[in-house]
Amino acid sequence: MERNKHIVLLVLGLFLFLLWPAENIRADEIDELKKQIQEQSQKLREMQERVNQLEARQRLKERSLTEKIEKVAEEQKEPPALPDSLKWAEKIKISGDFRYRHETIDAEGDDKGTRNRNRIRARLRFDAKVNDEFDAVFRLATAENDEGFASGSTSTNVTLDREFRQKNIWLDWAYGDYHPNYIPRLNVLFGKMPGLVHKVGKNQLIYDNDLAWEGGAANYKIPLNDEQELFVNGGGFWLNEVDGVDTSADASLWAFQTGVNQKLDDKSLVYGASYYHFGNAEQANLTRGESTDFDDTYNIFEAFGELGTKINDTLPIAVYGSYANNVGTDSGEDTAWILGAKLNKAKDPGSWELGYNYRDVEADSVAGRLNDSDFIGGGTGGKGHEFKLKYQIHKNVQAALTYIMAERDTSSGDDQDYDRLMADIILKF
Numbered sequence: 302m303e304r305n306k307h308i309v310l311l312v313l314g315l316f317l318f319l320l321w322p323a324e325n326i327r328a329d330e331i332d333e334l335k336k337q338i339q340e341q342s343q344k345l346r347e348m349q350e351r352v353n354q355l356e357a358r359q360r361l362k363e364r365s366l367t368e369k370i371e372k373v374a375e376e377q378k379e380p381p382a383l384p385d386s387l388k389w390a391e392k393i394k395i396s397g398d399f400r401y402r403h404e405t406i407d408a409e410g411d412d413k414g415t416r417n418r419n420r421i422r423a424r425l426r427f428d429a430k431v432n433d434e435f436d437a438v439f440r441l442a443t444a445e446n447d448e449g450f451a452s453g454s455t456s457t458n459v460t461l462d463r464e465f466r467q468k469n470i471w472l473d474w475a476y477g478d479y480h481p482n483y484i485p486r487l488n489v490l491f492g493k494m495p496g497l498v499h500k501v502g503k504n505q506l507i508y509d510n511d512l513a514w515e516g517g518a519a520n521y522k523i524p525l526n527d528e529q530e531l532f533v534n535g536g537g538f539w540l541n542e543v544d545g546v547d548t549s550a551d552a553s554l555w556a557f558q559t560g561v562n563q564k565l566d567d568k569s570l571v572y573g574a575s576y577y578h579f580g581n582a583e584q585a586n587l588t589r590g591e592s593t594d595f596d597d598t599y600n601i602f603e604a605f606g607e608l609g610t611k612i613n614d615t616l617p618i619a620v621y622g623s624y625a626n627n628v629g630t631d632s633g634e635d636t637a638w639i640l641g642a643k644l645n646k647a648k649d650p651g652s653w654e655l656g657y658n659y660r661d662v663e664a665d666s667v668a669g670r671l672n673d674s675d676f677i678g679g680g681t682g683g684k685g686h687e688f689k690l691k692y693q694i695h696k697n698v699q700a701a702l703t704y705i706m707a708e709r710d711t712s713s714g715d716d717q718d719y720d721r722l723m724a725d726i727i728l729k730f
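Note that the sequence shown covers residues 302 to 730 in the numbering used here.
Because the hints were derived from the structure by calculation, they are not lab data.
Treat each hint with caution, since some may be false.
What the hints assert, rightly or not - Pair ranges (Cβ atoms, derived):
hint, residue 1, residue 2, range
1, H403, N613, 35 to 43 Å
2, H695, K362, 47 to 55 Å
3, E583, T559, 22 to 30 Å
4, F557, T636, 16 to 24 Å
5, N645, V431, 33 to 41 Å
6, G609, S365, 52 to 60 Å
7, P650, A475, 32 to 40 Å
8, Y657, Y576, 27 to 35 Å
9, E515, R416, 27 to 35 Å
10, L644, S549, 46 to 54 Å
11, R426, T636, 33 to 41 Å
12, E583, N613, 50 to 58 Å
As the list claims (entries may be wrong) - Pairs of lysine-lysine, PhoX-like flavour, derived with a Cα cap of 25 Å:
hint, residue 1, residue 2
13, K729, K392
14, K522, K503
15, K430, K522
16, K430, K729
17, K611, K500
18, K564, K646
19, K394, K729
20, K503, K611
21, K430, K394
22, K503, K568
23, K500, K568
24, K503, K689
25, K503, K646
26, K648, K500
27, K696, K394
28, K729, K696
29, K611, K696
30, K729, K648
31, K468, K729
32, K430, K493
33, K564, K522
34, K522, K500
35, K729, K689
36, K648, K503
37, K684, K500
38, K493, K522
Ideal Cβ positions, reconstructed from N, Cα and C, are used throughout, including at glycine.
All chains, full assembly: derive it from the sequences and hints.
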């Protein structure tokens, strides 16, 4: 208001000055008028500076208020902190999967004829962070019951039968994982654990993928250069404890494996070798299928390799192979091998994957109780084809189809056909 008043007086003074006859204006009046104009100009400048200061303060307040609002909004996005009594829950990760399977088995020589059955598999995993160097992992899984024990070490399926009776849940994994900070890329596992040995194409020529090893193992990766990495796996495992009056030593398995992961421009290559020594194998039940009266042992050498690339730079494809020879037997049935390929990867919804392999597993080449439980019904003494198709329906939902067309050896020397079709729906979380 004061500012407007001064402006009006200034304009009015100038107007009167211009209208006043020049001869009536004295010099002292002109000086006085100039002085007033200068004073008014100074006041205007001071007022403008004041206005600028007020506007700057207002902008600062607005910026501060905006920052506070954004901070509050950001805090509201974050979940509320757990109380100290529940802090342990932040260190535990839970995951799992469920599989429903329908399968048809047509095994020549089986008096029961063609078999149709429905089976389920449920697994629940807990990963607990103990500290920066130790983790603890537990997994529960379904399995058939056999006189108070799981019916086998190579399957977590249970058949839907026996008038809706409850199904058994077993301790599948329970192990510690030590990964010292001062030795990067080293993992030491102890307990009941998944196998650390590398299996090209995830093949099950020697060991089933459901096998949970018991003992201690270590995995160490050593970068050789920008394109090559050496890996070393090894461990000692207990197959059976001899108790009572028997003075024989316990049955054990000692494993050693080394190999190289290598990048070749747009390709990847894995190759290596393994050795598996079974100590006092006669003290464990390791045979199944057409194995002979086994008086020897298992000392298995394995060589393996896998090459991965892309067709037209978009479609991934991998070919793999594994060859195993049991030098611990003189039976002449001491060799097993597998060749296979995979095309594409079922990962994103709408994606698919194809797989194929052919294998020949002689009677005394590997331990029949530990290898693939689906191929020829488990065990050794057979050869044939396996076809696989996977389709990703939704995120974490997959359908799969597997067909096994094989032949089983018999003591008479006549091979028997073995056909098996498995249709799966798999849910993961």
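Evaluation of the provided hints:
Between H403 and N613, the C-beta spacing of about 36 Å keeps the proposed range 35 to 43 Å intact. As the Cβ distance of H695 to K362 is approximately 51 Å, the hint placing it in 47 to 55 Å holds. Separated by about 29 Å at the C-beta atoms, E583 and T559 satisfy the suggested range of 22 to 30 Å. Our hint of 16 to 24 Å for F557 and T636 holds, since their Cβ atoms are close to 20 Å apart.
Taking the beta carbon of each, N645 and V431 are about 39 Å apart, inside 33 to 41 Å as hinted. At about 57 Å, the beta-carbon gap between G609 and S365 stays in the expected band of 52 to 60 Å. Between P650 and A475, the C-beta spacing of about 34 Å keeps the proposed range 32 to 40 Å intact. Distance hint for Y657 and Y576: a CB-CB separation of about 28 Å, consistent with the stated range 27 to 35 Å.
Remark: the range hint 27 to 35 Å for E515 to R416 is upheld by a beta-carbon distance near 32 Å. Hint check: L644 to S549, Cβ distance near 49 Å, so the stated range 46 to 54 Å holds. Restraint check, R426 to T636: a C-beta distance of roughly 36 Å satisfies the suggested window 33 to 41 Å. Between E583 and N613 the beta carbons are some 54 Å apart, a value that agrees with the proposed interval 50 to 58 Å.
Simply put, K729 and K392 have alpha-carbon atoms about 21 Å apart, close enough for the 25 Å limit, and the pair holds. With a C-alpha separation of about 19 Å, the suggested pairing of K522 with K503 holds against the 25 Å cut-off. A hinted pair counts as satisfied when its Cα atoms are at most 25 Å apart, and K430 with K522 qualifies at roughly 22 Å. With a C-alpha separation of about 22 Å, the suggested pairing of K430 with K729 holds against the 25 Å cut-off.
Under the criterion of a C-alpha separation no larger than 25 Å, the hint pairing K611 with K500 is consistent with the structure, at around 21 Å. The straight-line distance between the Cα atoms of K564 and K646 is roughly 19 Å, inside the 25 Å bound, and the hint therefore holds. Note on K394 and K729: the hinted pairing holds, with a Cα-Cα distance of about 14 Å set against a maximum of 25 Å. Between the alpha carbons of K503 and K611 the distance comes to roughly 19 Å, so the proposed pair stays at or under 25 Å and holds.
At most 25 Å may separate the alpha-carbon atoms for a hinted pair to count; K430 and K394 meet this at roughly 9 Å. With a C-alpha separation of about 19 Å, the suggested pairing of K503 with K568 holds against the 25 Å cut-off. In summary, the hint linking K500 to K568 is supported, as the alpha carbons are separated by about 19 Å, within the 25 Å threshold. At most 25 Å may separate the alpha-carbon atoms for a hinted pair to count; K503 and K689 meet this at roughly 13 Å.
This hinted pair checks out: K503 and K646 have alpha carbons roughly 14 Å apart, not beyond 25 Å. At most 25 Å may separate the alpha-carbon atoms for a hinted pair to count; K648 and K500 meet this at roughly 20 Å. For the given pair, K696 sits about 19 Å from K394 by alpha-carbon distance, which is consistent with the 25 Å threshold. For the given pair, K729 sits about 9 Å from K696 by alpha-carbon distance, which is consistent with the 25 Å threshold.
Of the pairs offered as hints, the one joining K611 and K696 holds, with about 24 Å between alpha carbons and a cut-off of 25 Å not exceeded. At roughly 12 Å between alpha-carbon atoms, K729 and K648 fall within 25 Å of each other, so this suggested pair holds. At roughly 20 Å between alpha-carbon atoms, K468 and K729 fall within 25 Å of each other, so this suggested pair holds. Note on K430 and K493: the hinted pairing holds, with a Cα-Cα distance of about 18 Å set against a maximum of 25 Å.
Only pairs whose Cα atoms come within 25 Å are accepted, and K564 paired with K522 is accepted, the gap being roughly 15 Å. Distance check on the hinted pair: K522 and K500 sit about 16 Å apart at the alpha-carbon level, within 25 Å; holds. Pair hint K729 plus K689 holds up; C-alpha atoms about 19 Å apart against a cutoff of 25 Å. Between K648 and K503 the CA atoms are separated by roughly 16 Å; this keeps the pair inside 25 Å, and the hint holds.
Note on K684 and K500: the hinted pairing holds, with a Cα-Cα distance of about 19 Å set against a maximum of 25 Å. Among the hinted pairs, K493 with K522 is consistent with the structure: their alpha-carbon atoms are about 22 Å apart, no more than 25 Å.
Every hint, counting from the list given before, is met by this structure.
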